[in-house]
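J.: Top to bottom, those sequences are chains D and P. Here the working numbering is used: the first sequence runs in plain steps of one and ends on residue 1829. Here the working numbering is used: the second sequence runs in plain steps of one and ends on residue 1829.
Hints listed in this document are in silico derivations from the structure and should not be mistaken for laboratory results. No false leads were slipped in.
Identical chains share a label here; the pair holds if one copy fits it or two copies do between them.
Pairs of lysine-lysine residues, derived as DSBU-like cross-links and limited to a Cα-Cα distance of at most 35 Å, are as follows:
1) Lys-1811 with Lys-1749
2) Lys-1749 with Lys-1812
3) Lys-1393 with Lys-1223
Since this is a predicted model, take the numbers as computed values, not measurements.
Spelled out from the first residue to the last, the chains are:
There are 2 protein chains.
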Amino acid sequence: LLCIPAAAEDGHSLWFRHADNAGMHHGTYSPISVTGAKASNPTIAIAIDELQRAGIPGTTRLVVKKDKKAAPGSYAIECDADGNATIKAPDAIGILYGAYGLIRRHQLGQDYRSVSESPAYGLRVLNHWDNPDGTVERGYAGQSIWKWDELPDSVSPIYKEYARACASVGINAAVLNNVNAKPATLASDNLVKVKAIADELRPYGVQVFLSVNFASPKALGGLPTADPLDPAVQAWWKNKAAEIYRLIPDFGGFLVKANSEGEPGPGDYDRSHSQGANMLADAIAPYGGTIMWRAFVYKPSSPDRAMQAYDEFVPLDGEFRDNVIIQIKNGPVDFQPREPFSPLFGAMPRTAQMIEFQITQEYLGHSNHLVFLAPLFKECLDQQTYRDVGTVTAITAKPRGKGPTAIAGVANIGDDANWCGHDFAQANWYAFGRLAWDPSLSSEQIADEWLRLTFSSDPAFVEPVKQMMLDSREACVNYMMPLGLHHTFAGNHHYGPEPWYYVPGIRLDWTPMYYHKADSAGLGFDRTVATGSGATAQYAEPLASLYENECPMEYLLWFHHPAWTDSLPTDRTVWEELCHRFDLGVQQARGFQKTWDAAQPYVDPERFAAVQDKLKIQTHDAQWWHDACLLYFQDINGLPFPADTERPVYTLSALKKVRIPLGLYGCPTRDMLP
Amino acid sequence: LLCIPAAAEDGHSLWFRHADNAGMHHGTYSPISVTGAKASNPTIAIAIDELQRAGIPGTTRLVVKKDKKAAPGSYAIECDADGNATIKAPDAIGILYGAYGLIRRHQLGQDYRSVSESPAYGLRVLNHWDNPDGTVERGYAGQSIWKWDELPDSVSPIYKEYARACASVGINAAVLNNVNAKPATLASDNLVKVKAIADELRPYGVQVFLSVNFASPKALGGLPTADPLDPAVQAWWKNKAAEIYRLIPDFGGFLVKANSEGEPGPGDYDRSHSQGANMLADAIAPYGGTIMWRAFVYKPSSPDRAMQAYDEFVPLDGEFRDNVIIQIKNGPVDFQPREPFSPLFGAMPRTAQMIEFQITQEYLGHSNHLVFLAPLFKECLDQQTYRDVGTVTAITAKPRGKGPTAIAGVANIGDDANWCGHDFAQANWYAFGRLAWDPSLSSEQIADEWLRLTFSSDPAFVEPVKQMMLDSREACVNYMMPLGLHHTFAGNHHYGPEPWYYVPGIRLDWTPMYYHKADSAGLGFDRTVATGSGATAQYAEPLASLYENECPMEYLLWFHHPAWTDSLPTDRTVWEELCHRFDLGVQQARGFQKTWDAAQPYVDPERFAAVQDKLKIQTHDAQWWHDACLLYFQDINGLPFPADTERPVYTLSALKKVRIPLGLYGCPTRDMLP
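Just chain D, same shape as in the assembly (with noise of 0.2 Å):
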């Protein structure tokens, strides 16, 4: 029977709602025993804790065994024929996971007679885009969880909460500040407070990193020059190391976005980012540090910046030390609804790669639309590149040299009560967490865990609400860019629709003219090497040749600029087929409300009302893109809507005049008239 807990449901206890529970009804605790570690190991304290709150029935014996060919928080569960469990593991982590693994398990009342598991990635990250004012850069939940004004003196609590949510789906990593990065970042007076934080999420087994500003050594250190080959600069990150390795022993390392939108980086002094990147790898191995370094670079006088990161990065395959990774987007331009793979993946053998996704909802709505990333996520990590060692998964996940592997995710995390902004963003954290680990696991499987371990396990609800979330990343594609459109974003907020954004003087590739090329003859971005930028060619074939000539729907508008009546398959012209998605866009939202609806039997009224308003938000935003794309590019091509098109009910005059202010927070404020 579900427990509904007297206390508002804020959406606070995460997917930890009937765990916590459990054990708070249990009343007596079971035994729990300690093999080959202390019980008082903060870490293993932490798992009989867990354990025990969550009312595992019977004897739990934990055992730690080291075993040097088992990955690090890898673990093993098995079961006796009264049911007690053993969680075996090569170290205090590993017990850990085992732990929330179990547990997982048995509120879903899974078979955990026989469990081994063992992480996909060796650094499972959060990259928080956190200011030190206490914003967050496409953050839309709230201000940042480190309270830096506060630290180190008093230590708030989420850190702790954070710390057990990350750990409880295998996260081991947290670069706490934004890539765009303060040099003050690495004060001494700050890094005092970075201790603290890590202090408290070292039990956790979540290392902290932080981004770091390229130009540090003139910026903070005074010195004249940031130049890597520098012998000052070079000792100054030789010192700072040192100093950042005295307070924080596990220290994660450094994330680095260099010569990138204005971040200054080794270009500067035209040096190549690997000899800026192996400069600060050198300063930080002695510690067993790692280096990611982003490769999302582009400028505005590229035709194509699509094609940049490959162009610029390929050719220095080889010349990163083992502890550098080349952090790298899941697309080659920036986290939209939906890009083909970066071509980088596989490009550059004899260099680690990791993959960077977004949970942050950047470009997907911020957390008022329901979309679900894992099928996002998946659709990049189960893409066969044709190179190396063929997926990406299995690219980023091979072992180069010494180094670590690792996978990233911009975090969607805030003060907010429930973490996300929205509830079914919480699923997109978790989501991120169980792909960290597992790769292999399905969309699907993920959604199953996360609506159970969230709200409820009676399959009336859970069935039509995760075939929701498994549709919603579709339906966002559908009624925002369909068919391969990328970046027809308002300007800056990059929440609704412009088409149509223009300033004087712009960077044209910040504009959405440079993305989609709407113009009389058709739509899209010719990247042919036949008549276009040539970026097909950046892909190993077949998929140069499958992007270039027959190139699937999805990425049409990506590829390619075919006229506006040119046929498609579905026996629709490319307008057609455009007003047909974005027209089916609108009904999944529309279809959303309901499903949701016929939900409120099995949902708190607190958690239920707040979906529902965002839900509602969705559908007419869903409505807005409809109409403002449909409506520009009508005027740009003067075709008839086809027959079954549902029609606007704005005009394009009125759309171009919404200026949505960016309220508290960088979220757009919603006080809107109809």
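We have chain D; now place chain P onto it with these hints.
T.: The following block gives chain P in isolation, referenced to the frame of chain D:
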């Protein structure tokens, strides 16, 4: 073949578009002979001109032959074996009506070899609610066409165009000014201006009336009172009448709104409506003038506003002079999207009664919504009252004493290029005129005529667009006020939904709650004898019992306060049926958009785009109504939406914040955000 004029089609040519073009392209004019009148008679001259402009083939003979048995304006058309037509009429205006009738039939390809027509009503009146400052109360088509500040020196050509349009559908009287009349209306310098207009309208057979302020003898004449029994007051009105008739010998008479919504009246002196009306009637009787005395009375203290006109006027039956007609709105409240007919009709058998329709869409989406009103008009006209001579038409078309019969519509005309704001609103002007002439015409026939005269005769255009017109009033009822709901409008502008509208101190009968009476138990105004106000008893049997006991669904919430969960003949509950109908209305509005888009090949681009834009607004508003009403009622009843009901996209709190500013000419400003 359709002739598209080179000039932009702004809709100004109304239903003359093809007729006028035909003449333009004809070159030589057919011969026309006149018998029994001079060809120079201004009205005959117009008839000749119209026939020639329309390119009527052959020789046309116009024969005026006095006939005391024939109604003024009646006509007959006959043709000889060669197709040469003869129009016979007892007067010149009959010849003009015959000419328009011939042209219409010719345009429509109808047989006119044996036609005989006679108008059902003697006075077919447009009421203009135009103010002396050029604004139009409840006008949504620009400023008044009457340019008082230019008159009498400058006489706009629009007056003749207006009169032509009226005459072409048989309208023969115009009340030039607002029923909320200023005393200065009767000032001598204003009467000279009225004369200038009357001179323009006269050749088209359109008689001029004025709305008068009952307190004019005080406010304008300087008398200490306006008491109708005061000899000085009576003398003032007699002198004023003499002054008017010296200027305008065929002046029609006065329209009076007395003791209604703050206007002065005989009640100010404890005199009855009949005492007030008769005093005015006596003043203009010598000149053949008519008093139209409005029955639109209600007071804040009344427990049921719908009952007051009946209660106040029925006792006065038989007291009015022959040249007084009681002007009764079609329904007992105020021009709602749907009302039952006023129980006053037929309840004063010794008194002349006329119906007052509202052509301007004060309560039906202004000139933004496509709502063809013929079905609304006919619903009332065809209504069997079970009193007197039967239907509302029969009752109002039957002469009482020596006075005329009459029918009135509040005009939807302004100085917008297309006259009515919405191209399809022209159809309501047209429909009113056609029904005032012949109430037996069907809505379908009128829509068919109007569409073909105004747009195109191609069946591929006419059939679907006609169906849209015929469905449009019911669609509006569905998305605004289904099941007998009424007056859930926003305060003041009566445009959008505000079922919650209330401001402290306001008259309760000016708030929606007074009418919908939604509470946790149910919805609707209990007007039964058994438990409510007893308004059902104002109807004759079997209607009284029908409304009391087996109320048609259309009037359910008008007469009853059923429980939300009561079952209806549709096997839905009241709440479910309400949701279903609001939903249906939204779907219908969306369907209109598709229907109109399919009509694009048959319509000039200007009017196509104008109507398309209006349909966007209509669909948008339909959603607004749907969301506002369903969310508001749901907030009261706490019931879930039925599974198949489309969910709101707005929140109740956001909708409650909507304040639509009244823009220029009193139209709501629609510079909306999505």
